[in-house]
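Protein chains: 2
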Amino acid sequence: MSLIVQKFGGTSVGDIERIEQVADKVARFRADGHQVVVVVSAMSGETNRLIALANEVQERPEPREMDVLVSTGEQVTTALLAMALIKRGVKARSYNGSQVRILTDDAHTKARIRDIDDANMRRDLDDGCVVVVAGFQGVDERGNITTLGRGGSDTTAVALAAALKADECQIYTDVDGVYTTDPRVVDGARRLEKITFEEMLEMASMGSKVLQIRAVEFAGKYNVPLRVLHSFQDGPGTLITTEEESDMETPTIAGIAFNRDEAKLTIQGVPDTPGVAYKILGPIGEANIEVDVIVQNVSHDNTADFTFTVSRNDLPQAEDILRKTATALGAREVSSDNKIAKVSVVGVGMRSHAGVASQMFEALADVGINILMITTSEIKISVIIEEKFLELAVRSLHSSFGLENDPEELARN
Amino acid sequence: MSLIVQKFGGTSVGDIERIEQVADKVARFRADGHQVVVVVSAMSGETNRLIALANEVQERPEPREMDVLVSTGEQVTTALLAMALIKRGVKARSYNGSQVRILTDDAHTKARIRDIDDANMRRDLDDGCVVVVAGFQGVDERGNITTLGRGGSDTTAVALAAALKADECQIYTDVDGVYTTDPRVVDGARRLEKITFEEMLEMASMGSKVLQIRAVEFAGKYNVPLRVLHSFQDGPGTLITTEEESDMETPTIAGIAFNRDEAKLTIQGVPDTPGVAYKILGPIGEANIEVDVIVQNVSHDNTADFTFTVSRNDLPQAEDILRKTATALGAREVSSDNKIAKVSVVGVGMRSHAGVASQMFEALADVGINILMITTSEIKISVIIEEKFLELAVRSLHSSFGLENDPEELARN
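Those sequence lines, one after another, are chains A and B.
Counted from 1, the first sequence has number 235 at position 242 by the working numbering; the numbering is strictly sequential.
Counted from 1, the second sequence has number 79 at position 86 by the working numbering; the numbering is strictly sequential.
FYI, nobody ran anything at the bench for these hints, they're computed from the structure.
There could be a bad hint or two in this list.
[To be verified] Facing chain B, according to a computed beta carbon distance under 10 Å, are these residues of chain A, among others:
#1 Ile12
#2 Gln51
#3 Ser64
#4 Met76
#5 Arg86
#6 Asn113
#7 Gly136
The model shown is predicted, which means the values in this text are computed figures rather than measured ones.
Cβ atoms here follow ideal geometry from the backbone N, Cα and C, with glycine treated the same way.
Using the sequences and the accompanying hints, generate a full structural model.
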């Protein structure tokens, strides 16, 4: 018997029929003797309906009241799922964030979990109950309802799994696992049986469609085994776990990640003095624009060239800010390009395997793709290329690293 | 400056436009310097939508989960109204039943309030906040969400007013007050400026359309001045208060109440022994059928005739039960009639004014109406008559007691 936390998102509980299917699945786990805590999101569409009501009142409503409003969505689902379980003869009790109690800070609409009281859940689990918990929400020290922000239900599930020391946290979604790359781009993309937390984080550009990065970080920090599974298809999914848990030889590369939503800004001829990077990126950060890749070239003539990427949506605003900075700093020129994309090769194996970078650059050169920027981390190498070459680059790399039918894959799993 | 509790029902907060109107009204009270606690129901239709979802899962869902589900309806309204107030520059905070904390017993779907913690509300009121509270709900000692049953929001408002020792509890509704009788039956029906709790209870057949009887009882018990007002029309409404608060001469009669939803059952020739009333009415009560008027005639030949009325819906079931009882008791005959109605003359003044009964009977005799049953209480005389005479009876009595243009009315107000 193991203790499992299962999380079902909005689409998986989108109507009563689907809630009944989820109840069937949960009931089977109970019948197999497992203790189960289920975390649910609001029925799909419900959160947007509530936000639309609020926006009829005001464009930017008071965050405290926004949390009171939208937190009802998950509460409705918990009650309906508990009813569906009870109908099947499965003991079940619903809990909202305040009832659990999931204590958060008071940052309404984007609160962070501080502590979880597991007493009520433990008592119910010991009593043979399935515990159904509203995702995405908590309560601050003064008893105000808080929410964790969009996708926060994944975080709730991982946090509960950590608090209960669950054997596994299962995230049910509309894909059957994490792939070596996007199957829409590469026919031969394969589902991974296992991936490390670090790789999952670096695969963010694809991973974020599967589960919230914040939940992966949380799971890694508390060493909660995470499994991504399809809500309505049977299958083992992908297990996200620590490297150390596997004693098998790890292949070099886990997958190829990519992101189209990139635009690059270059400021040239900046006086190369200490603090110049802060002078350039400080105003961008203050405008709440997230910067992704940052590259500073070696200086010449005591000036430096500085390039960074932002989301395409943010480009016009970022460019305005950068032009002001350029004037202030006496820089030579500002230029921008939004027809770019980022492609990354990800794998913990590259820590111990030399030559991954050169293999990557070679594969791209072989198909005539020019590299605009390069940035590396311990387990990822990313290049910025022209957007029109994106699919070609992903397919070449997927093939070059033998991800279609990697003979090492069996060892990996 | 006074402290006012205001309650707005589902129709009054049925959409965002109406919530904005309610916010305007509340904001005016704040601007006039009053402290305001607002109790709201779910937006009209919302509770039924939630119940329909539950019934898709199961016909009789677990009561605990039902409460978790439907209590979200009021919570949504509290957030939207708080937002609308904040938009107007009025400080406001929403509370659900658990946050207040409104402690109830654990009788899910029909819980009764045990205690109210006024600390959070007091702090906010002292801070210049409008406190917006979800009606209809509370929390039991173990933190489970409970609901007070349909119409429970009136009870919440009165209970909060009692706990806060509010100067007035205002129930906003779709009528502009309590009338001497139903204006649809008598053109000259007048809105009462004042009515006592006892009269209001006795006017139940009309009063129940205006506010929940349970709330009136609660208000009477804790001596909370209750005012019934129209949500969207200005006007003083009707104040429901204790007799003692008025030092003015009270007129004899407050109004004429009536009820069409009556059916009568008669059991004749019952052996007149102690406990016979219980033997007849016990089985009826056990079947959850409410009995209204009960009349037992003087016995003759050691047998009694026993007549009582029930709701028309309950007549077939009640008659079945009564026939079985009649067989068991060896009674002579059971008969029934569902073409009857009840008309009542209500007024605390009849305590000290003789002759009200004879004036009532005379008025009915003058228009040729035969009285089938009579029952009296300290402040009410009710007669059962044939249904076809109902309107005629009400108009005759309204006129006979001078309710259209009672010269004493000015003194009463």
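Hint by hint, which ones does this structure get wrong, listed from lowest number up? none
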